[in-house]
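Student: Dock chain B against the given chain A, drawing on the hints supplied.
Line by line, the protein sequences give chains A and B.
Just so it is clear: in the first sequence, position 182 is 182 by the numbering used here, and no numbers are missing.
Just so it is clear: in the second sequence, position 127 is 127 by the numbering used here, and no numbers are missing.
Please note: incorrect hints may appear among the correct ones.
Claimed, not checked - No more than 35 Å apart at the CA atoms, straight line, and that leaves these computed lysine-lysine pairs for DSBU-like: (1) Lys161(A) to Lys374(B); (2) Lys41(A) to Lys161(A); (3) Lys185(A) to Lys56(B); (4) Lys173(A) to Lys397(B); (5) Lys207(A) to Lys374(B); (6) Lys397(B) to Lys194(A); (7) Lys374(B) to Lys185(A).
Read the hints as simulated data drawn from the structure, not as lab findings.
Here are the chains, one letter per residue:
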Amino acid sequence: MTDTFQLDGAPVPFEPGQTVMQAALAAGRYIPHLCYHPEFKPHGSCKLCTVKVGGRTTASCTMPAEAGLNVESNIEELNALRRTLVQMLFVEGNHFCPSCEASGNCQLQATAYELQMMTPRFNEFYPDRPLDGSHPDILLDYNRCILCELCVRASSEVDGKHVFALAGRGITKHLIVNARSGLLKDTDMALTDKAMQVCPVGVILQKGVGFRVPIGERRYDQRPVSAQALDDAPRQAGVGGGCTACEGTS
Amino acid sequence: MTLDLETAAHPENLRRVAIEPVSRVEGHGKVTLLLDENDRVHQVRLHIVEFRGFEKFVQGRPYWEAPVMVQRLCGICPVSHHIAASKAMDMIVGATLTPTAEKVRRLMHYGQILQSHALHFFHLSSPDLLFGFDSDVAKRNIAGIAAAYPEMAKRGVLLRKYGQEVIRITAGKRIHGTGSIPGGVNKNVSIEERDYLLKDIEQMIAWSRDALVLVRQLFEQNLDLYNSFGRFKTHTLNLVREDGALDLYHGGLRARDMDGNTLFDHYDYRHYWDVIFEDVKTWSYMKFPFLRSLGPEQGWYRVGPLSRVTQCDFIPTPLANQARKAFMAFAGGSVAGATMGFHWARMIEMLHAAELIQELLHDPDLQGSELVSKGQRQERGVGVIEAPRGTLIHHYKVDEHDQIVRCNLIVSTTHNNQAMNEAIRQVAQQYIDGRKLTEGLLNHIEVAIRAFDPCLSCATHALGKMPLQVELLGVEGDVLSTLTRSADGAFG
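Chain A on its own, in the form it takes in the complex (with noise of 0.2 Å):
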């Protein structure tokens, strides 16, 4: 017999080792999340999963399933936060959907209609960023960072290339490129990698290919983020938690 836990008074069903998150998404109930991606490990930092557990707030991404679990997920206070982190994200780069070829297909501008944000709200950044365009295929457009990570653990776990790192703390960090020059063509970076795969926004791209996919057959057209990440959820069924914020303690 399957062990459940309670979400948003719910029961969902869970596989040992599974966390909330991966759980949840296999059996249809979306959390809203960024870092969170089914094929890498949980990585925890952009606390957009964040549900209550016992009155406790935590990372639905990193919590492991346990049965009698009594999870909120979907209530007006938890997304009023998450909307606020949506909104401080878009503030701190710079993201200007209307000219941006992510538009349609970018998972923060798509949890952002999911959470029903109408403006950014917070005074803009405007941070000076430059483009990376040294790489004779891919470009690298930082004002659209979000330091989801996924590129550096896609680049490490999957290609075994270590393309791509966080530098700076607090305020200050931002995302590298691991060559002495700091350019992407100085790197084995190529087409073909993972990494070129996971970013959720609009940082790592293609060149020369931008708008190709007309409005209305881009992802997020036709279907909201919460429809899209249950369609992925079956991918996840079988993958164990692996959850580096908890190994070692559980």
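Tutor: Coordinates of chain B only, in the frame set by chain A:
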């Protein structure tokens, strides 16, 4: 020429009257008049008071982003910038368009011409034309038109809607779509979409013909007024097809002087800077283009529907060509040189666009699957089209990293800058000089500006030349520091 009214010799004792904002035009502008104690006019200027700066902030962006980014200049004719930038990027990627790509773009552009011209005539200008230039200001607007002429107002709305639907189907959205990309388009027109548009095209053509009947009647009823109002002689500039036909999407540059003599013809627009240059004045964010061979004082010119319709050899659709002949022959051909002739020419083009849409919708190339092409990569790209308001030039330089390093936009309204100033100076002399000012008299100035259908927001890019003063204020409103830049770019 009334350049003497540009700057008063002794402005210090003159009374300043401002029309701010100029209404029923796209964007924000103002007109200032300097009058003496006898209400004599000493200075008249059309000022563009907003600053956009797209030429600057497109720098550093990847070239394929330009067609989508720069169209944000405008919400009325974004398709013009979308396509002009795409044409420039076609050069950058070395593309020769497939028939499907060119025809889908043309369809998008003609939808744009249709909706923009309908908007201008029915929504913005018809209140002046139908009620009178100095009629009751409370009714002189689109709401007044809807009350007095409901059927006409409805047609204006539906013509515009049809044009917007053409844009939606070809570009993905009614405003700010993404259909045109470097080297082609990102979608074709399906059979279902084609049939949807075909359903109403006959009606659009019929309504466009009716609009021409109306505009002719207005000229017949007000011939002396319309013929003389803000009239001035000017050179002209526009694109023409190889055979001299009107072509709104592509062609060579034709410039004629004010007496109709050809200055250059079928000029390759990829080298436009050899024949056109831009002057800058300290009192406007909008530049003043001129024909190099004639210099800044004498070389200014007019673009737009009136130039296109009068300077082309013929219009390649039957009904519009017939309408052109009637226009050119009307009142001994005199209306073809009148500022108010813009309205008539605009309606001829609206009919032309509707005919072209019908023609294209029957073309099976619209359903083709070859959408994009590319060839030898180039460093420089120039795209020119005839936008609703006139010749539109986009010019980009792209570096080896695929990033834009230089951009120059000469927008239709910018070409008409000096011509609009000329028109309002003529009107000021004709109607205002020496008279007691009334709202109706001041509206005459706006009527002259509206004839050009200016898009003032598109046209403001004199970066680095405009004198600026930036003040840093403390919480109490006290000035903490001041930075001033003079007209020569020096900071102080």
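Student: It remains to establish, for every hint, whether it holds in the given structure.
Tutor: Okay, the hints, checked on the actual structure:
| no. | hint | verdict |
| --- | --- | --- |
| 1 | Lys161(A) to Lys374(B) | holds (32 Å) |
| 2 | Lys41(A) to Lys161(A) | holds (18 Å) |
| 3 | Lys185(A) to Lys56(B) | holds (26 Å) |
| 4 | Lys173(A) to Lys397(B) | holds (33 Å) |
| 5 | Lys207(A) to Lys374(B) | holds (14 Å) |
| 6 | Lys397(B) to Lys194(A) | holds (33 Å) |
| 7 | Lys374(B) to Lys185(A) | holds (24 Å) |
In summary, the structure agrees with every hint in the numbered list given earlier.
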